[in-house]
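Residue numbers (numbering that gives the first Met the number 0), protein chains in the order written: chain G, 0 to 375; chain D, 0 to 375; chain R, 0 to 375; chain F, 0 to 375.
By construction, these hints were calculated from the structure, which means they are not laboratory data.
Just so we're clear, the structure is a prediction, and the values are computed from it rather than from any experiment.
You may find that some hints are simply not true.
Said to hold, decoys possible - List time: in silico EDC-like cross-link candidates among lysine to aspartate or glutamate, alpha-carbon distance up to 16 Å:
(1) D:Lys52 - R:Glu36
(2) R:Lys74 - R:Glu60
(3) F:Lys56 - G:Asp32
(4) G:Lys52 - F:Glu36
(5) F:Lys56 - G:Glu315
(6) D:Lys218 - F:Glu154
(7) D:Lys207 - F:Glu214
(8) R:Lys207 - G:Asp32
(9) R:Lys56 - D:Asp32
(10) R:Lys52 - D:Glu36
(11) D:Lys56 - R:Glu36
(12) D:Lys56 - R:Asp32
(13) G:Lys56 - F:Glu315
Number of protein chains: 4
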Amino acid sequence: MKAKPTLSVGLIGYQFMGKAHSNAWRQAPRFFDLPAEVRMKTICGRNRPAVKKAAAKFGWENAQTDWRRVMDDRKIDIVDICTPNDSHSEIAIAAANAGKAILCEKPLARNVAEAEKMARAAKQARVVNMVCHNYRRIPAIALARQMIERGELGEVFHFRARYAQDWIVDPKFPLVWRLQSNVAGSGALGDIFSHIVDLARYLIGEFKEVCAITETFVKQRPLEKNRRAKGKVTVDDAVTMIGRFRNGALASLEATRFAPGRKNSITLEINGSAGSVFFDLEEMNRLKFFDRRDPQDRQGFRDILVTEPTHPYMGEWWPPGHIIGYEHTFVHTIADFVKAVVDGKSVQPTFEDGLKNQRVLDSVARSARSRSWSTL
Amino acid sequence: MKAKPTLSVGLIGYQFMGKAHSNAWRQAPRFFDLPAEVRMKTICGRNRPAVKKAAAKFGWENAQTDWRRVMDDRKIDIVDICTPNDSHSEIAIAAANAGKAILCEKPLARNVAEAEKMARAAKQARVVNMVCHNYRRIPAIALARQMIERGELGEVFHFRARYAQDWIVDPKFPLVWRLQSNVAGSGALGDIFSHIVDLARYLIGEFKEVCAITETFVKQRPLEKNRRAKGKVTVDDAVTMIGRFRNGALASLEATRFAPGRKNSITLEINGSAGSVFFDLEEMNRLKFFDRRDPQDRQGFRDILVTEPTHPYMGEWWPPGHIIGYEHTFVHTIADFVKAVVDGKSVQPTFEDGLKNQRVLDSVARSARSRSWSTL
Amino acid sequence: MKAKPTLSVGLIGYQFMGKAHSNAWRQAPRFFDLPAEVRMKTICGRNRPAVKKAAAKFGWENAQTDWRRVMDDRKIDIVDICTPNDSHSEIAIAAANAGKAILCEKPLARNVAEAEKMARAAKQARVVNMVCHNYRRIPAIALARQMIERGELGEVFHFRARYAQDWIVDPKFPLVWRLQSNVAGSGALGDIFSHIVDLARYLIGEFKEVCAITETFVKQRPLEKNRRAKGKVTVDDAVTMIGRFRNGALASLEATRFAPGRKNSITLEINGSAGSVFFDLEEMNRLKFFDRRDPQDRQGFRDILVTEPTHPYMGEWWPPGHIIGYEHTFVHTIADFVKAVVDGKSVQPTFEDGLKNQRVLDSVARSARSRSWSTL
Amino acid sequence: MKAKPTLSVGLIGYQFMGKAHSNAWRQAPRFFDLPAEVRMKTICGRNRPAVKKAAAKFGWENAQTDWRRVMDDRKIDIVDICTPNDSHSEIAIAAANAGKAILCEKPLARNVAEAEKMARAAKQARVVNMVCHNYRRIPAIALARQMIERGELGEVFHFRARYAQDWIVDPKFPLVWRLQSNVAGSGALGDIFSHIVDLARYLIGEFKEVCAITETFVKQRPLEKNRRAKGKVTVDDAVTMIGRFRNGALASLEATRFAPGRKNSITLEINGSAGSVFFDLEEMNRLKFFDRRDPQDRQGFRDILVTEPTHPYMGEWWPPGHIIGYEHTFVHTIADFVKAVVDGKSVQPTFEDGLKNQRVLDSVARSARSRSWSTL
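Turn these sequences into a full structure, and let the hints guide you.
Take a look at the structure:
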């Protein structure tokens, strides 16, 4: 028996996504049969005490404050980018040039120009590259994709998705960096709308044209450091869009941070000539499936608990009926990424997918600004 | 074309059930193709102004205060009994002796002795007789029965039902007649537990043995006429029972008036070797159906909206997706009853069924008193 | 005590809506305390045997084949219009000129020009006039309106509604008149989209601007009389729209006849600064309500079973927990209409509302044709 | 700052529970601020290749085939017992005698006699001891407990729980050890009924008396090693029970492996004078809560998504709306256990709780055998 190769990882970023990715690097080899050993070598962040604490907490061998040192480390095979969007491009291009395989958090970049450079760099360097749209690897979503591929929904008529949160409904919530365009690029658009654009592309295909509204409901907010003063909110609070896919299906997408009671809710419905599926992220272990081939008086949406060993990814976890949670989607992503790195093969969603996603986001923003349809 | 016969009805009682039955007599001919015209001739009650008002409101030709006059009226073909339980027996026996077809509200009687006399009288008089267990004719329940008959659930292992209400949770709620055993006979037992006993018998078959608890949580309540004084509650607030059916299936039944938030909730689940069904009265237009024959990774409870024209009774109402309500179950009952009267045929549930139901109730009460199993 | 006046009704049309309205005329006086007696005098339709049969079945005194005779009948106080859309205008104007109170099925007309004439005629004749958008009087919808009026949702950010059906998904379904624009005017747009436009206006207010797609998925269908030949479908199968209300809220509306498993489904969600509500027509006795004022760790959408006596319209029906069905919404509509006629007062939604609705529909169609935003 | 102590763990068993506990030992320090470092020192199992593989896969330093060696290892502070039930007693007593803190999988023992010895040994050795009833530490269950303690449900009337699975419905499923009483002790009773007994005791209190049925639906099954031959099933397939708690509340509990479509379903409802809660393990991140103090026309079960930082355990995981899965309950259990070991304090559920649970199970079995009530 040949020994497995070892892949060493450098993670850039240690906040929410850094925590989620660290967990996935730790857990993937414990549950999936990976073709390589994973070595959690370096975690990198600008604040030395914080990154050292993160290294200890999350299980990294060492901590680093300069991401360029990670690129220089010849022992590191994989760079995982979990920083804010404004640094994705520079880091990813450096990683590509250093010949590292790259996993980059979504959205790939702040705009199409950046995304194009990143995709080009990855292509030229011939490194395995992936954008971390983790929701593709929710078993219920992967099952929906499987159904569509096998024709179980028939010709698709409608795709509807909504990503709703409520964390900034309170007008006293301060002007954090996510609400400033110079830092965040956009608001709900890049942060959560990008996720449902990715699901739309994954499940249905490419968009042909879009028309959208963006809105900022609370236009001024207290400054973080001086709550008595207010500053201008320069990103969108909500995006609502209609559009057409190239295959003729209609699209209706919405993302909002102003839906009280919807904490992290993606609802998604697809209607086709042979059936429909419905998904709700707050019940992410379920897929509702209506099959027109059932006898007429026995038809009804089936409430599939996606925990069978024959369901995507579920054979590695627990027996039927034992549900998985949010962070498992990252474990699935990283398990597939590791396999791709070992095999030297492409793994979806690639930087090219991230670029296409960015083109949709840019079209949506342009449509909203110009109050007109935008063609992709 | 032969003219339809006309059936004239005398209704005894004008409260909640009187209202529901009146509506059904009015509506049945409007939606169902009945083999007879229905004439709403007489409504009867002890309080003259109240019954006159009810006659006008509900659409009866005339009002009457003495039910014996209804028996004497040779033009009346059908007697419909909606009075409190303590008069069911006397009225029904008189109606049988007068040769009337009889529809009687549940429970058939206060006890087995009464029920036996009623069943005997109806049998001897050879009149069509029916107990109004209206929930049998919820389309979703009739569909479940159809599934069981066709073997779609296979061999039945479990029957579970719970009838839960919350209208007397407040200890300040007064000592109404329903809480006094000399008037009501029993509490939750006769009032609502009898309904799920009927559904159990309809769907699964006869009970073999039962063991039960009854409980009165609030033992004293304010008197209706003098709220400062208290009187003793002499009926059960809740009944909980386990048992076996003759066919070997296990039973678990419960009725309670002490379940905050459950207004008029019957939940029912049946598990068999080939599948399961679940029903909830608060969503009475739905039946959840799990079919073990579906492919393993496409299995899930189907949420059947029981509004298709091919579903029991639904062809006469509205297009698919347009739901019906509580009182429609009485319309279905009366439509079937009218057909049976014209045909001179038996129609379930008969007085014999009411008697069998009463035997279960008596066994349950006996088991609770004696703290032991009771065999049927 | 003064005797109640009697209002005599003439109903034009006897199909699906004729059946639903007949039921409501029959039932309203049985459950609601109306200030008038209702006399179901004349039902009118072009096919004599069919309308005679309908008269007998639905409970009308006489049948008529020429609607003009209804206008001439001086004893008739109310004209109720349940015909296809292309005759609404002519009949309603004649009724107004004859001084009748008018209830007209939705959509009010085929286009704005017709609707304007109708609204003008009704105004000039000073007759009570109402469009039958029955869903306004679903108790859960009326409750949502009450909540909004009382500020329980705060400032509204989002209104989303979707009306989905599936009855023409099969491409073999024939080219019925509803799929021909010369007869039906439009497809999903006038038939079902108009309902959610009405709910939007009722709950949120007037639209400011809209942008929409319409689509016909199955472009040719078998002819009704010769299934081997095909004809062109000339109406929309689906409409999807985004827009803004005058008060700044965002709108997302969709209607489709191509959603397998959605039989007659309206889902609706409103998000405001103080809370959210969610409604689903297939569970029309429920309203989900999220209240931001609940303590943070006790928050959650409340599943309100809208059957309490304190809920709109429910005091007249059954005890809590006993649900009502589809046709009850017409009973509520007609009960309110009768009161308005007796009082000589306006009752929403008026013809003016119908006209405003039509203006939205026309803007939607124009936007879809021109591929641009349309301002109201 | 004082350095944290290190606690070394020896895990006995490496199958399903071994996998779940290994994960929890690995994850607990990554998410919770534990007062000790955790060293995953030894995993122990009888099959050398299998246990070595498990050590590598699950992250243990070394593998061991004789559990007595674990007791002899003075560096090991904690013994975690995940073996089949028939060895719990011997191992736990040895661990107590060796002065180890002990975590033992449920059920604590095969019978009361064994459980008594274990509880006594742990008490005499004064070691921290805990039974792994992981479902107590589902955040929604912990929240329900908090509500009850704070009086939010008032006086409790009803506790109902059902644990339903379907993995042996097929009569061709072989006679595995779990279906043989000499190995497993009992069937659904010890395996899953014990879980809901634990939840009942945790949430409501001690049982006073019980009456139960046990049933074996499929009495013979194919042998594992020779599928053509059949052997006798010697354990129960289902248990259904009624009973009373000492505080007067009524109990209804059921466990079955014969409920098609119910994969690993615990449903639980508690009704009290001030409100009700409902829980479903298949949606374990939710708790439904009905509060009688809400205004009457705004009442309804609240669907609490138990993912807020203020909810039990959830502050350590992800932002609101990001759900957790099955194995997290073990992480919570082990985090609390580690704290208790460091503090030398008792942590519920103790071996004493396990013993009390066993007494209930024995009473249930005795009641079923004797067909009579059994007092605790």
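Taking the hints in turn, this is what the structure says about them:
{"no.": "1", "hint": "D:Lys52 - R:Glu36", "result": "holds, 15 Å"}
{"no.": "2", "hint": "R:Lys74 - R:Glu60", "result": "holds, 13 Å"}
{"no.": "3", "hint": "F:Lys56 - G:Asp32", "result": "holds, 9 Å"}
{"no.": "4", "hint": "G:Lys52 - F:Glu36", "result": "holds, 15 Å"}
{"no.": "5", "hint": "F:Lys56 - G:Glu315", "result": "holds, 12 Å"}
{"no.": "6", "hint": "D:Lys218 - F:Glu154", "result": "holds, 14 Å"}
{"no.": "7", "hint": "D:Lys207 - F:Glu214", "result": "holds, 15 Å"}
{"no.": "8", "hint": "R:Lys207 - G:Asp32", "result": "violated, 57 Å"}
{"no.": "9", "hint": "R:Lys56 - D:Asp32", "result": "holds, 9 Å"}
{"no.": "10", "hint": "R:Lys52 - D:Glu36", "result": "holds, 15 Å"}
{"no.": "11", "hint": "D:Lys56 - R:Glu36", "result": "holds, 11 Å"}
{"no.": "12", "hint": "D:Lys56 - R:Asp32", "result": "holds, 9 Å"}
{"no.": "13", "hint": "G:Lys56 - F:Glu315", "result": "holds, 12 Å"}
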